[in-house]
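Asks: Listed below are the residues making up each chain.
Protein chains: 2
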Amino acid sequence: MSEAWLQCNEGEGTWNAQEVIEHFIEAEKHNWIPRVESIVLEGEPQLFPAFDRFSHLKQISERSVEEALQEFSSIRLNNISTLKDIINSNPDLEKTGLHPEFGSVKLRELLSAWVVHDFTHITQIIRVMAERYRTDVGPWSAYLGILNRS
Amino acid sequence: MSEAWLQCNEGEGTWNAQEVIEHFIEAEKHNWIPRVESIVLEGEPQLFPAFDRFSHLKQISERSVEEALQEFSSIRLNNISTLKDIINSNPDLEKTGLHPEFGSVKLRELLSAWVVHDFTHITQIIRVMAERYRTDVGPWSAYLGILNRS
Chain A
1 MSEAWLQCNE GEGTWNAQEV IEHFIEAEKH NWIPRVESIV LEGEPQLFPA FDRFSHLKQI
61 SERSVEEALQ EFSSIRLNNI STLKDIINSN PDLEKTGLHP EFGSVKLREL LSAWVVHDFT
121 HITQIIRVMA ERYRTDVGPW SAYLGILNRS
Chain B
1 MSEAWLQCNE GEGTWNAQEV IEHFIEAEKH NWIPRVESIV LEGEPQLFPA FDRFSHLKQI
61 SERSVEEALQ EFSSIRLNNI STLKDIINSN PDLEKTGLHP EFGSVKLREL LSAWVVHDFT
121 HITQIIRVMA ERYRTDVGPW SAYLGILNRS
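Those sequence lines, one after another, are chains A and B. Per full-length UniProt numbering, the very first residue in the first sequence carries number 1; after that it's consecutive. Per full-length UniProt numbering, the very first residue in the second sequence carries number 1; after that it's consecutive.
So here's chain A without its partners, still in its complex pose (with noise of 0.2 Å):
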């Protein structure tokens, strides 16, 4: 794959492939697990740890996006063992935990925000990549529905 197709975005202030990977991995070392143990351990009144959506812009990733595929990987195979491990140990999943805007939210709510987050990025990737043949497909463009999205 080209580096040129890996650092295609849908203009300015919008992520190419590679940053939305290292979002990925920001969130799986500083969102999820996170808070879903600052809710089993603790639960409300307690305020989740902070996490930054924007941290992975802040320095430029000087690595390979295989480099970065690699790192989130490692990581998501250890918070998948360590979420079995909590989930094992039957935590209440009507719990609450304390989000800095939404308020109150439910563990179960937090675990099927995790998979719609991901498939929103995973979705955000693919459309990413296809703007790159947005006028290479000619006459197609009108029927391929995520060259019609916002």
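Note that these hints are calculated values from the structure, not bench results. All C-beta atoms in this analysis are idealised placements derived from N, C-alpha and C, irrespective of residue type, glycine included. Among the hints, erroneous ones may be present.
Label-pair restraints from in silico Cβ distances [what the hints assert, rightly or not]:
no., chain 1, residue 1, chain 2, residue 2, range
1, A, Ala142, B, Lys95, 20 to 26 Å
2, A, Leu83, B, Phe54, 37 to 43 Å
3, B, Gly11, A, Trp5, 29 to 35 Å
4, B, Gln59, A, Leu57, 48 to 54 Å
5, B, Gly43, A, Pro34, 32 to 38 Å
6, B, Arg134, A, Trp5, 29 to 35 Å
7, B, Arg53, A, Glu62, 40 to 46 Å
Please arrange chain B on chain A, whose structure you already have, making use of the hints.
Replies: Same frame as chain A, but now just chain B:
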């Protein structure tokens, strides 16, 4: 992955994940390579071989999604090898074929459309699978882009 999750769709007339995979298989068999060959071997004014985008809905798939994925994987590998042979023969990428709806289309446009077609439907599978979590994510729904696309 639960069978029920794979059977979710986005409402009447929409496809579930397995139906999209069956459509991919039909397109690998009857759309992309036959049309590439139609341009390379004949070209205009020869009309493209017909492709029915809904053929996979005509008989309900009774196989498992794993079996469908296995067929897709095998036919896809085959088609990639066929395509490599065609590309290695240095075809004229500007050569045209006759699309039943668009009229004259170039070989390079057809090849680009193949890529973006697959991206469109991969995104569709992810979107359909996210749908199952629409209410489960609670207050996150407003921020999860994949739940806010039509």
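Asks: Does each hint hold? Answer for all of them.
Replies: Now the hints, each set against the structure:
1. A C-beta distance of roughly 23 Å is found between Ala142 of chain A and Lys95 of chain B, which places it inside the suggested range of 20 to 26 Å.
2. At roughly 40 Å, the beta carbons of Leu83 of chain A and Phe54 of chain B sit within the given window of 37 to 43 Å.
3. Hint check: Gly11 of chain B to Trp5 of chain A, Cβ distance near 34 Å, so the stated range 29 to 35 Å holds.
4. The given range of 48 to 54 Å is respected by Gln59 of chain B and Leu57 of chain A, whose C-beta atoms sit roughly 49 Å from each other.
5. Checked against the given bound of 32 to 38 Å, the beta carbons of Gly43 of chain B and Pro34 of chain A, roughly 60 Å apart, lie outside it.
6. Between Arg134 of chain B and Trp5 of chain A the C-beta distance comes to about 32 Å, which sits within the given range of 29 to 35 Å.
7. In this structure the hint that Arg53 of chain B and Glu62 of chain A lie 40 to 46 Å apart at CB holds, the actual value being about 44 Å.
Going through the hint list in order, the structure does not satisfy hint 5, though it satisfies all others.
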